[in-house]
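Start from chain E and add chain D according to the hints.
Here are the chains, one letter per residue:
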Amino acid sequence: MKILLKNVDIIHPEDKLDIKGTTVLLDKGIISKIGELTRDDKADAKEFDFSGKIIVPGFFDMHVHLREPGREDEETVITGCNSAASGGFTGIACMPNTEPAIDTAEVLKFIKGKSSNHLVEVFPVAAATLGRKGEIISPMAELVEAGAVAFSDDGAAIKTSSVLKRAFEYSGMYNTPIIEHCEDESLSDGAMNEGINSTLLGLPPLPSVSEDIIVSRDILMADYTGGRIHIAHISTKNSVNLVREAKKRGVKVTAEVTPHHFTLTDDLIKSYDTNLKMSPPLRTQEDVNAIIKGLKDGTIDCIASDHAPHSIEEKESEFQYAPNGIVGLETIVGLSFSELIHKNKISLGDLIYKLSINPRKILNLPIPKFEVGSSANFSIIDPNYVWTVDILKFRSKSKNSPFDKRLLTGKSFAVINKQKMFFDGQLIDLTSV
Amino acid sequence: MALSTRHLLGLQSVPKEDIQTILDTAHTFREVLERPIKKVPTLQGKTIVNLFYESSTRTRISFELAEKRLSADAINFSVSGSSVGKGETFKDTIKNIEAMKVDMVIVRHSAAGTPLYLTKICDSNIINAGDGTHEHPTQALLDMYSIRQKIGKLEGLKVCIVGDVAHSRVALSNIFGLQTMGAKVSVCGPSTMIPKNINELGVDVIYNIDEAIQENDVLNVLRIQLERKAREYFPSIREYAKYFGITQERLDKNGKDILILHPGPINRGVELSSEVADGSNQIILYQVTNGVAIRMAVLYLLGTHN
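In the order they appear, the protein sequences are chains E and D.
Heads up, the first sequence is in my numbering, so the first residue is 1 and it goes up one at a time.
Heads up, the second sequence is in my numbering, so the first residue is 1 and it goes up one at a time.
No lab work stands behind these hints, which were simulated from the structure alone.
For each residue, glycine too, the CB sits at the ideal point set by N, CA and C.
Warning: the hint list may mix true and false statements.
To be verified - One side of the interface only, derived from the structure: several residues of chain D facing chain E at Cβ under 10 Å:
hint	residue
1	G10
2	D131
3	I198
So that you can see chain E by itself, here it is in the shape it has in the complex (with noise of 0.2 Å):
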């Protein structure tokens, strides 16, 4: 199947590109001819206008939760491959807090069995410890082998100082990062960030000094066994600050955000919607304008969803019961250009770094190319659609999202990857006739 996407823009900043409506031709989903075409090239192609909308390299959210194997009610591989589609994701890094973790390369082989066919690439990050309990380090080296691309006990810090040095000696011989969950277990019961929200709440309170002690205990030990850290859903401003100057003297430091922790605070949780709540808590406008900062001066160099799928009977319960976390793969797109472009924070090139390009960086996987016999890894964008979102109409298998009915302005058209394109809705097999 030829395909003809016209009038399109082109943006691949890593590689210096920047065209402005020109056409793409697709055989069998491979990128065979960009510019003009001739009547030849365009004979039997299905053609889409596409105009106003940017072709990116395709987006990459490196961090997801699958829910698969385990809490296939929530999520599975297949579902969460469709959500990142539909959010406009070629790939993805799922995380190790399934049940069993990933800490055998016959679970992350698995994982990666279920999505084989899938338009969306997922790249497992295996657990760092055993069991995600903190005591005896994942085998790194057979993990590495079956496709880990990075070590986290996510949903927590790894719990002590001697298995996190342990973790990076280790998963250093393979270049591979450790990802971090930074919270101080010990300073970390309570349900919300601790301020005069949470005073006047009467929620358990969870202060930021919690997330900033991580933060600071892991820059020092990257820095001292050479390791290389990456900081999963930065929350607060010293953890910003921190990060900021361990990169100014060389460690091997990396972050990321998600679209929630710079877009809300804690300021709605009045209304107790268990929607609200997540790990590390939503923090205070103090805290989003750092991190917007950090984002304008590279501090911070992913966006990520954190996409946490939770059934509605767990969420509908007490704020302070409730599990964290809520999906996001579908809204990461429209409120990245909501909150970062269109209110002109970062540039268009910048958010093609955090959302695609850095990433894939941070794990070792090569960027997307757009030259003509390679197969095409695209994300198509339309920068200034405005659309609302609708919870029901998520391709999750999870709908707990505050994001709902909000008004958003930018969102995923298509993506191409793998020979396959997903548009309206469909999958489509580009090597079909």
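Chain D alone, transformed into the frame defined by chain E:
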């Protein structure tokens, strides 16, 4: 005489007129409680559920008594712990109860925000009988009523809340209610038991109990919850009693007349010495009697005017 709201979830946004109305109405019912026949037919035919997800003796009995004095049909529904892990979700429990056609729900729950959630999923009038460490509005109302009766006013009074403010639902309701009525509120306790940023509510923080006694007209002394996690927030009971406990000696040293409230139950020898607990400054049992009148007032105002 109606309130501006059909629920009583807390005192944070309750206007002065409403508080005034409740206190005045309570005064009428207080008189009823002194009669030989203490029952009025005001809420005849109304069904009220006391939904207690947390053990409570005095608050539940106080509400139940208030309901019976007003001739309402009262049902007690007690569950220990949260709905989580019980099989039935909290929402399903509420829906089931409401299907039995109840008019009002009195709710006590270990999780903050539960009464607000109830207003979203059912049509009954909701009264918060204590949610987590959030609010306990009827306790604050009965405290304010008791103070007003004893001193004659609330406006301009200086009231200090003493003890474990951070783990108290009484403290926040008192702060909001008293401030609305024009009193100046401070808190006194070990700094580990004072919530961060509480000064943003216009509340002064005092760490010296003698200073608190000296500076205030009223002390509302909270219970130190020895049985709970709160125990980890101070070094020892001995140290607490020594530095924050109210003794007759401390009161005498100050010389000035001071009113002492306590929501009960008291830990004798901890937050109050036995001498103070039985002394002339305290109005602990007076508060208990007033509690019934306050709850009658709230039930009456919400049950007949909305």
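Evaluation of the provided hints:
1. G10: It holds, given that the least Cβ distance between D/G10 and chain E is near 9 Å, below 10 Å.
2. D131: holds (7 Å)
3. I198: holds (6 Å)
In terms of the numbered hints stated before, the structure departs from none.
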